[in-house]
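Given chain A, put chain B in place with the hints provided.
In order, the protein sequence lines correspond to chains A and B. In terms of the working numbering, the first sequence is numbered consecutively and its last residue is 1286. In terms of the working numbering, the second sequence is numbered consecutively and its last residue is 538.
The hints are simulated quantities; they were obtained by calculation from the structure and are not laboratory data. Each hint should be verified, as a subset may be incorrect.
What the hints assert, rightly or not - Calculated pairs, DSSO-like style, for lysine-lysine (alpha carbon to alpha carbon, straight line, at most 30 Å):
hint, chain 1, residue 1, chain 2, residue 2
1, B, 460, A, 1167
2, B, 461, A, 1167
3, B, 138, B, 212
4, B, 208, B, 138
5, B, 306, B, 461
6, B, 460, B, 306
Claimed, not checked - Reference listing, derived: stretches of chain B covered by chain A, where coverage requires no fewer than 3 residues with Cβ under 8 Å from a Cβ of chain A:
hint, segment
7, 346-356
8, 384-390
All residues carry an ideal CB built from backbone N, CA and C; glycine is no exception.
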Amino acid sequence: MRVNMPRKSGILGAGELGIFLVLVLLIGVVTLFQPNFLSIASLSNFGARASWFGIIALGVVFQLSMGEIDLSTASIYGLTINLAAILMVNFGIDPWVSVVICLGVGVALGAVNGILSTLFGIPVIIITLGTLSAFKGITLIISGGGYIYGLPREHPFFVLLGGTPLGIPMVIWVFAALTIILSVIYRRTRYGFMVRCIGSNLKAAELSGINIARVRIQTLMLTGFLCAVSGMLTLAFFSTADPNLGTGFELLAITAAIVGGTALSGGRGTVLGAALGALVIAVISSGIVQFGITANWSIFVTGVMIIAAVALDATIRRRQGK
Amino acid sequence: MMASKPSEASVLLWLGGIKKRYGGIQALAGVDLEVRAGEIHAVCGENGAGKSTLMKIVAGAEQADSGSFEFEGRPVFFKSVADANRAGIAIVFQELSLFPDLDAVANIFVGREPQRFGLVNRKAMEARARPLLSGLGLDIQLDRPIGNLRIADQQLVEVAKAIAIDARLLILDEPNSALNAQESARLFAIVRKLRDKGVGILFISHRLEEVLDLSDRVTVFRNGHKVSEQARSDVTMTSIVTDMLGEKDLGQTAQRRVTPVSGAPDEDECLRIDGVSLGTDLMDFDLVARKGETIGLAGLDGSGLLSIFDLLFGRTRASQGTINLPNGQSAPRTIPGAVRAGIALIPGDRRTEGLSLEQDILSNLNVVVAGALSRFGSILSQAPMAEAAQRQAESLRLVFDSFHQRVGSLSGGNQQKVVIGKWLEADPAIILLNDPTRGVDVGAKKEIYRIIEQQAQAGKILLFHSSELTEFSQVCDRVIVFYQGRAVGEVAGPQATDQVLLEAINVGRVADRLIKDGGEAVA
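The shape of chain B in the complex, shown without the other chains:
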């Protein structure tokens, strides 16, 4: 038997035993969920816990493999988002789903434009859009293409689009990832108003502070299962974190020994960042990184840590402060300049940013040394390129048939090794790793950790960011925590468990007992 069906009239949405499988992955292993009219119901869970999949099913964007689905007391089946919209369910997707060349008004009413004599009634649209947008505090020209607006404004238009449907159930999947604190507050005020009018709201956020601030009930997912469902008054930040990560992960010991770093920090060959700011994205950041150190940068989306990668890789320039590279140079001004200065960036999105999938392994492994750095001169002979490829293939334990094989035909893990290999062949002094294990299997992850450790031992400076918090303690000597554009604390590698980091990046503070000796002062 599945969960018994509640009979209260206030139940808006009722899901029982929902299952969904993608290929070999069971995204949802039979979950129940209930949303009442006039409540804000938060759903928490790590990446891959299944919460976004469930939201997509409720909104009609995906269909469940099995399970019961009732809305307002009637069994429903949505083939599309439009189906769900008609039934009274609206969703604000995590990824913006707007038409950048249309203006705000057209976007809000796209597909259901009010008509008059068979023509779109622009006046009626504007009359309805105006109060909606001003309620969200959006002061924009109504006829400007939405693509020209700030991302934050676009996100608010997306919210307006969902509200305009007059839905009884509103799903917000990280609706404020691009909003600042003030804009978020305005959005949440409207969400509360909708709740008070009797709208049921499903709310997903990685920022647990907001979850605690906004929600009436909190459900936690882990690995496709529902772990807990409690009233707001019964949960704490710690209890949510515990539910999200599971008992087995609690108190997990770090697997990596902190590398003893010799020499004083004012020695040469350090990466020194002094008081660097980049608008409001990153404010007043200091760092001294010694050779052989692996430093983790942990934070939520928009916490500013990625600006450090952009600054060091020559993609943008600091508005304030100085950067000194180990070779004595200042911050590079262009990407080619950064590469010549010995800086490597290993992106997580290898298919779009790391590789030429149609080209062979040989070309991909040589693109930095033969192309950008011109190490083999103007006329390329095959021999040094083959030697370079051979060297990297061996040290990275690349599994392949031939160097003339298309890189796209390799497995994800081996593709990522090619991305790493093309940079290691250049022998950089600083390696920036942005989610280097995204989408690779467990075995390949271990290999990538091994490579990172090797590079640290070889005296490189590594800056590491990952969307999986468990990784930090496995590869980092210390982890700097970012919150709203500032470095707010530092945790020694062995103490940087996922539990500690999850709490720290959410509250913007590192628990006192964990602050590393001589670490950055808490802001």
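Chain A extracted, bound-state conformation:
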């Protein structure tokens, strides 16, 4: 017997190829009618839009893969942005220190979700239905419901992380780097392996001695961290804080992951696919605006696209199953 081990070759596996082609097709169509869509300015614009929730979507891939859905991501994102701004403006704390505190808060809020879920044996989707409002409520309370101005824009934090190295916004660079790092974590680490095992058969994973609760809490902490990272980059980019920033991001992040090829049923996912999925969603909303159609259509089109992507995936899997 020979060990027969075909490895995925190249960056794109079969799972990501489909969503990549969709992305290329969409960009092609938009560019055909609006040639300036391919300008650096325009690409930076839609790339940054994709990155805000795309960074969160990278964590959602781990959640869905272990069979969990987290609805509180956008609330964690918004809370860290406003908390950081308040620490800098009202308390005069150094921006770097504020950022480190808020990254820690993001991780802690994720841990709260995981611990509550484990402690009471309630699915994460239910717990986060609650923390979605609770975290958002904290944001509104501490911010007083209004914008926060007067951030120290000359500080290196805003200059560096809000900057545009080589003409491209920093958030896009970070998004790209995180996509690569998390892709490796997902595919090549013990943690990623356990995530997939749990999502594929929770009972079998439990009876194989995997500590389900620990992996679940780790995954929610990871997602909380990514929400905070995205939040800090958003703050650096806009230099103001708004309690309503990120509204709807939790669903966009889940959509990006699913459209990118992560199974809602667990066990199977792709980090790179989620990143491409985020880009596809951003192209659709940017593209629709470019065509002069009202932006309201983009939400409709996004919805249709989710159904199309999931239906296609189910059809392919049914064929393979037979």
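Positioned in the frame of chain A, the structure of chain B alone reads:
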């Protein structure tokens, strides 16, 4: 010609030449059965003998391929359980068929709720349900969701549901598997009352004592055939066992040599269980298991032996007593703790408990070593995982195309080998086997016996349970018999034939001549 049709008016149900095939398996090869009004007719047989299939056909849950079926003198054909219910036949299924979120009253009348002005008449339902439930000794809140009740109470509600139909024929398929002795007695009193009112009763139980206690007539099935049908006064426990197992199995010699075990039992590296109890599920259990021993745990459902697996695998904690593992540790508190302590559990239900069917062979074989035990560190490289898979595939003689093949695409026997392989790669000290050959073919069974023997020779401690009694003598050095939460005796491997065990697990006693020297005292 089929069996001649009896003409007596008292015949309630008459079946002639019933055949039923599932794929390649002939579950019923042309059987006859007759139930008279006012009799309790017990049907016995080993797993797979065809008795449950026949009950399902009578109750309308399955349809026969061919044969005659008459009820109260008229030919009938039931397309569904509802059809049979309307005709006057009710069944209490082995698996509970209740709606856990509905209360007892709603469950009893589901699908035929009494109505008033087009609305469900709750008062009428409660008025009818109350005497039924109290007759069964059920003291429950009528409006509590049934899922919150004890399993025993749920089973009694299931019985109440069948009685509420006012059936002329009542089928009880292991109706008391979750009931204790007192609850069973109450149920049987009601069954007798129904019989005296003229209801015909078909009764299936694996507990032969109950069969002898309750029935008026006893029919035995084997491999889809009816072997015997006799009045209660003409049968004995031994004659039923003989009919169930067949002549060829009598006096079958064990195929396994008892492994000579060296060293005194108080030596280190033993698994020692002292006076362990788990509520009333398991009471005051002692065991000393030496390296290289394969110990069988035989008993009926609910006899408590599975509690030992749960205790050793960290799924529950003993209410009393101590457990000492070979490495000197005490009982694990969690499953991950048990796995780290070198304990493996090979479940029979591999599809739900053993494997990630959508994942590939490589992942499944490495889930314990790479996942739970972290033997390959935090960053997984493919090489050690492929080596592990290769090692197990070779020693288990796994038949497959590629390590990246989905485990779900393998045959049952090969799937089970993957479950075994993922544990053997962890090199455990204690292996718990819970029905490891369930649903695998004969060839794969032989292979699994071979693997068990290899592991024993490698110095593991193996605890083995099977729903097939013939397996014990083939793999075990000794077999401990469980009855109602207690270990009631021990039989040496070669003597632990299916006949001996079937009798022992039913009467809760091991025949004196078989008691192993120095074995556990008979309770």
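Quick rundown of the hints versus the structure:
{"no.": "1", "hint": "B/460 with A/1167", "result": "holds (25 Å)"}
{"no.": "2", "hint": "B/461 with A/1167", "result": "holds (28 Å)"}
{"no.": "3", "hint": "B/138 with B/212", "result": "holds (27 Å)"}
{"no.": "4", "hint": "B/208 with B/138", "result": "holds (27 Å)"}
{"no.": "5", "hint": "B/306 with B/461", "result": "holds (23 Å)"}
{"no.": "6", "hint": "B/460 with B/306", "result": "holds (24 Å)"}
{"no.": "7", "hint": "346-356", "result": "holds (count 6)"}
{"no.": "8", "hint": "384-390", "result": "holds (count 5)"}
Comparing the model with each earlier hint shows no violations; every hint is respected.
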